[in-house]
Structures are given as structure tokens and as C-alpha cells.
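Trainee: Sequence:
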Amino acid sequence: MTLETPRQQQQRPAFLSQPVYQLACAACIRPLCLRAMKAVMLSDHSKELYSTDMPPAGLQLVNDDRQVRHCTCRIRDSACLGCGQVAGYHVTQPCSDCLKDQNNGHFWMFYSSAVVHYKRLRVGKFFFFLLFLTAT
Numbered sequence: 263m264t265l266e267t268p269r270q271q272q273q274r275p276a277f278l279s280q281p282v283y284q285l286a287c288a289a290c291i292r293p294l295c296l297r298a299m300k301a302v303m304l305s306d307h308s309k310e311l312y313s314t315d316m317p318p319a320g321l322q323l324v325n326d327d328r329q330v331r332h333c334t335c336r337i338r339d340s341a342c343l344g345c346g347q348v349a350g351y352h353v354t355q356p357c358s359d360c361l362k363d364q365n366n367g368h369f370w371m372f373y374s375s376a377v378v379h380y381k382r383l384r385v386g387k388f389f390f391f392l393l394f395l396t397a398t
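Mapping of the sequence shown onto the numbering used here: residues 263 to 398, in sequence order.
Just so you know, these hints were derived from the structure itself, not from any lab.
Check before you lean on any hint, since a few could be wrong.
What the hints assert, rightly or not - The calculated label-pair distances, taken between Cβ atoms and stated as ranges, are: (1) C290 - L361: 30 to 36 Å; (2) D326 - K381: 30 to 36 Å; (3) L361 - M316: 16 to 22 Å.
Stated by the list, open to error - In the BS3-like style, the derived pairs of lysine-lysine whose C-alpha atoms are separated by at most 30 Å in a straight line are: (4) K362 - K309; (5) K300 - K362; (6) K309 - K381; (7) K381 - K300.
Quick caveat: nothing in here was measured; it's all calculated off a predicted structure.
A virtual CB, placed ideally from N, CA and C, is assigned to each residue, including glycine.
With the sequences and hints as input, model every part of the structure.
Mentor: Okay, structure coming up:
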């Protein structure tokens, strides 16, 4: 078992010390993602999002790809498998400028208004997940 010194902890990238969340659809409470972080929209820093680097099991890509306004990235809407509500989008083709910028590899985005979040609790190396309530 390896323990980090305080100096090593300070040298970690900032996003590694960010809280991690579970997300559920705000409309039907279906689980969407078990590992998301808070983020901000690059084109409008006042808009809060959640993001993840893993394809979420609770979503389906819908509609056609479209290009964003501020760069040449292409995105596609993602919708809840339970109720069909659009919950966010997936960056299907990141542009070279965005890939050059410091990023955490999170290309699945969730609108904060379309999800409810539950903070994932960590004790030592173990994560405790809050149980999702499923709509019946």
C-alpha cells in the first residue's frame, strides 16, 4: 500500500480533488451516471454542467450531430433511457484546439437542470454510493 505525502497530494491535478457525484434524471429519477464531476460550459462560464469520461449506461444518443458555435467540436444530444428527456450532450468529435487545452477527458455533459445529483462519499480508498430511488 502506498501513501501519498502532503507534497505529492499538492502536486496532483486539481480535478482529482473535486467531489464526485451520481446523477439521476430529474424527470423520472432513473440512474444516469455513477461518476460525474461539476463543470462549466466553455462558451458560457455562468452555465453549470456535470461531466464524465465514461459512456453513461442510462443514456441514449438522439438527434443528429451538430457543430457548436465557439469552435469546431461536434456534439450530439443524449436522452434518458427511462423517459426520453434530453439530459445533456456528448462531444462526438472534439476539435484540435479543445484537445490541446487542459482537459480531463470528460466528453459526456449533463445539464444541471435535467439531473439531480447525489454526492459520492469517500472514506479512505473506498467509495460509498448513495442508493438511487427508482420510480415504479
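Trainee: Indicate, hint by hint, whether the structure satisfies it.
Mentor: Status of each hint after checking the structure:
1. C290 - L361: 30 to 36 Å: holds (34 Å)
2. D326 - K381: 30 to 36 Å: holds (35 Å)
3. L361 - M316: 16 to 22 Å: holds (18 Å)
4. K362 - K309: Holds, because 22 Å separates the two Cα atoms, which is no more than 30 Å.
5. K300 - K362: holds (21 Å)
6. K309 - K381: Given that 30 Å is the threshold and the Cα spacing comes to 20 Å, the pair holds.
7. K381 - K300: holds (11 Å)
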